[in-house]
Amino acid sequence: MIPEIGHFALILALIVALIQGVFPIIGAARGNAVWMGLAQPAARAQFLLVAVAFICLAYAFATMDYSVTYVASNSNSKLPLQYRIAAVWGGHEGSLLLWAVILSVWTVAVSFFSKHLPSAMRARILGVMGLISVGFLLFMLSVSNPFERLIPAAMDGRDLNPLLQDPGMVFHPPMLYMGYVGFSVAFAFAIAALLGGELDSAWARWSRPWTTLAWVFLTIGIMAGSNWAYYELGWGGWWFWDAVENASFMPWLVGTALMHSLAVTEKRGSFKAWTVLLAICAFSLSLLGTFLVRSGVLTSVHAFATDPRRGLFILAFLVLVIGGSLLLFAWRAPTVGRGGKFGVVSRESFLLANNVLLAVAAISVLFGTLYPLFLDALGLGKISVGPPYFDTVFAPLMAPALFLMGVGPIARWKQATLPELAMRLRWAFGISVATAVILPLLLGHWTPMIGLGLFLAFWIFATTANLVYQRLRGADQPLIARIKSNSYSWWGMVIAHLGIAVFTLGVTVVKGFESEIAVRMAPGDVAHLAGFNFTFEGVTEIEGPNYSASRGHIRITKNGIERTLINPEKRVYHVQNMPMTEAGISPSVIHDLYASLGEPLDGGAWSVRIYHKPMVEWVWFGCLMMAFGGLLAISDRRYRLKGRTKPLPENATEIST
Amino acid sequence: MKRALLPLIIFLVVVGFLFVGLNLDPREVPSPLVGKPAPAFSLPRLDNADKIISNKDMLGKVWLFNVWASWCGACRDEHHVLVALSKSGVVPIYGLDYKDTRLDALQWLAEGGNPYVATAVDENGRVGIDYGVYGVPETYVIDKAGVIAYKQIGPVTEAVLRDKILPLVKRLQIQ
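Chains as they are written, first to last, in our numbering: chain G, 1 to 657; chain C, 1 to 175.
It should be emphasised that the hints constitute simulated quantities derived from the structure, not laboratory data. Heads up, the beta-carbon is just placed ideally off N, CA and C, and yes, glycines get one too.
Pairs of lysine to any residue residues, derived as SDA-like cross-links and limited to a Cα-Cα distance of at most 20 angstroms, are as follows:
1. C:K99 / G:G598
2. C:K99 / C:V133
3. C:K99 / G:L601
4. C:K99 / G:H574
So, partial list: chain G residues that the calculated Cβ filter (under 7 angstroms) puts toward chain C:
5. L315
6. V319
7. I322
8. L326
9. L327
10. A330
11. A333
12. P334
13. L373
14. F374
15. A377
16. N577
Not close to chain G: a few residues of chain C, all C-beta gaps over 12 angstroms, as computed:
17. G35
18. S42
19. P44
20. D50
21. N55
22. V91
23. G113
24. E123
25. A145
26. V147
27. A149
28. R162
29. L166
30. Q175
Model the full assembly from the supplied sequences, consistent with the hints where possible.
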């Protein structure tokens with residue numbers, strides 16, 4: 001009964017979404033206030049209906065209703081409750097429902113926080129989001145119904161993929177989807193602006209906080225996924241250029257470009273067409289990511305659902321949404337004005353250069369992801385491009401982008417001069433070059449890549465420090481007042497940029513100085529790595545709720561002093577009989593000591609892999625700083641001033657990320 | 001106008017490739033063993049550990065070699081297809097019980113029916129390595145001369161059987 005209520009709620013939601021998608025947009029074109037007024041109540045009703053469907057599915061999981069096919073395929077009576085709930089999005093149908101729920105959350109949020117928008121604009125925005133929702137609901141109801149019954153019911157479920165039975169599963173997908181789907185708001189704003197022909201700086205200011213919020217979620221989602229792969233897969237890696245990782249990274253790159261481009265459009269009125277294109281692309285890449293993951297076009301560890309009919313449906317949907325919006329763009333964009341003029345050396349130029357670099361980086365990731373498919377489609381054989389391609393292409397694109405990041409915030413709008421910039425940045429440049437040369441020598445060895453990475457990280461540290469110093473020095477006020485006199489969004493930019501520096505530093509050091517060994521260890525054996533002694537004290541057998549595990553005990557000492565004990569595990573999950581690795585990690589600011597169990601060998605010995613990962617935690621901490629910077633920017637007080645439509649004065653120099 | 005059309009054109013090219021890609025199977029990795037003689041094995045039989053079964057026993061006839069295990073979930077999906085095929089008598093199916101325990105395997109056949117003329121027990125997976133098994137189930141079509149003609153990765157579905165395996169088997173049987 002409960003699953004039928006969920007199914008029925010989805011059908012009702014589809015009808016409401018159609019109303020929300022069709023009438024307000026037509027109403028806005030004809031100036032019909034009643035039709036436009038349908039948008040808000042429809043958005044809220046749709047949210048309630050989709051939420052009911054979601055709760056029904058969660059209820060079916062919680063009560064172990066194995067007469068529902070999806071529950072029987074993704075759950076098991078031995079599965080602990082938190083994973084039974086997370087299993088709601090553990091498979092194809094449920095992840096789509098999560099997609100729809102999150103889309104309706106964003107939609108309802110827009111309906112509440114858009115009172116200051118002109119009613120036609122608001123109707124168009126909600127209408128566009130309604131149409132997107134129609135696509136997803138239709139997809140679920142036609143070929144991916146999570147409520148489909150299984151008759152006769154299964155005795156027990158086939159269990160959630162053991163790879164997904166991890167706390168990461170509880171947070172990572174919802175965060176990632178919040179980011180993915182959040183770009184639908186910027187997309188809807190852009191389409192609404194194109195439809196209405198009102199591409200002004202007000203449009204940019206309204207979409208900025210939404211875009212930044214989606215970007216914050218996406219940043220945290222990607223970070224959580226990377227961290228999860230790090231301890232769950234047991235290879236010590238934290239980024240694999242896997243097709244699905246790329247699918248989330250491409251919208252992030254374009255979203256980052258979009259945030260900066262929106263800043264220019266708001267402050268200076270420039271880049272309008274470009275900003276609209278980025279907004280369309282960011283969301284298109286999110287949809288494309290969904291397609292790549294869900295259609296089975298590419299093999300990937302994440303592709304747990306493949307069905308050609310589903311692929312065809314999403315492809316048709318992609319053509320409609322992306323093709324339609326690009327067509328609209330081609331038709332409307334040439335009518336958009338050029339905006340303010342700016343010199344070759346100016347903050348606009350630096351931001352534009354960075355934008356182009358980010359967009360090209362996203363395109364090269366897209367190309368690398370789809371290249372195997374292209375070759376296959378042309379009958380040229382099956383190949384895979386792995387990390388070598390991405391590392392080769394990505395670093396040369398990111399290096400200039402990171403360099404410009406140091407210059408951009410310091411340069412003046414409209415017209416800056418190179419000598420003046422050089423004067424201001426000469427100390428920062430000197431410090432970062434010196435660090436890049438000396439630090440690696442102190443740490444052990446120097447390579448061009450380590451030198452470049454450290455230079456860029458310290459370049460951003462130093463230029464940001466210079467920027468903050470210039471802003472805070474002088475004046476007679478106390479320091480705290482001077483800190484407060486700068487806006488939250490400016491501080492948000494500072495922290496996010498420092499986050500990039502922390503991230504770059506972490507990546508450079510861990511890539512340059514990590515070490516690993518693979519050894520056969522019998523109880524009592526000692527392995528040596530990076531000055532540490534790893535003593536293997538054997539394994540004990542333990543029983544988890546739905547798995548059996550061999551838990552290894554490895555004692556780590558340095559110079560005879562005990563440091564820590566780590567416990568890597570090799571688990572076998574009973575239902576699917578699938579072995580899983582849980583790495584044993586001792587994390588710290590300086591380095592992670594990491595061990596994972598391989599295979600059992602003769603005489604109580606195991607093959608063990610041990611890794612020394614210097615500063616790897618900085619990678620994720622840098623991401624958290626970026627996300628925090630984004631949150632700070634959203635909390636800027638000017639977004640709380642309702643109804644302010646006047647653009648900032650010409651001489652405003654602040655820019656926020 | 002022309003410049004603004006560029007994104008749309010690029011997108012349509014990508015869509016074209018994606019459409020073609022939908023009809024390609026990314027799992028269809030060409031096996032280096034196709035067209036080569038099937039690797040030799042001689043293993044104990046599942047029903048009687050004292051008897052040995054070897055690939056040479058099947059020389060002169062077309063046969064299917066199905067890699068399975070009682071712990072394999074996907075094998076459950078293909079099992080009824082294999083049982084139905086064995087009843088039709090079109091082609092003999094031999095099994096390779098991969099990294100399994102004898103008791104579990106016998107129990108499995110007792111429950112689900114036995115489509116195999118005989119099953120070889122590959123307890124440590126050595127023969128599986130020779131055949132390049134990288135996931136269970138896998139099924140090989142082997143011709144009269146003992147050469148591998150086709151490899152199916154993943155379960156044998158009714159569609160695969162109808163469209164690929166049976167036409168191939170018929171062709172090979174005439175040769």
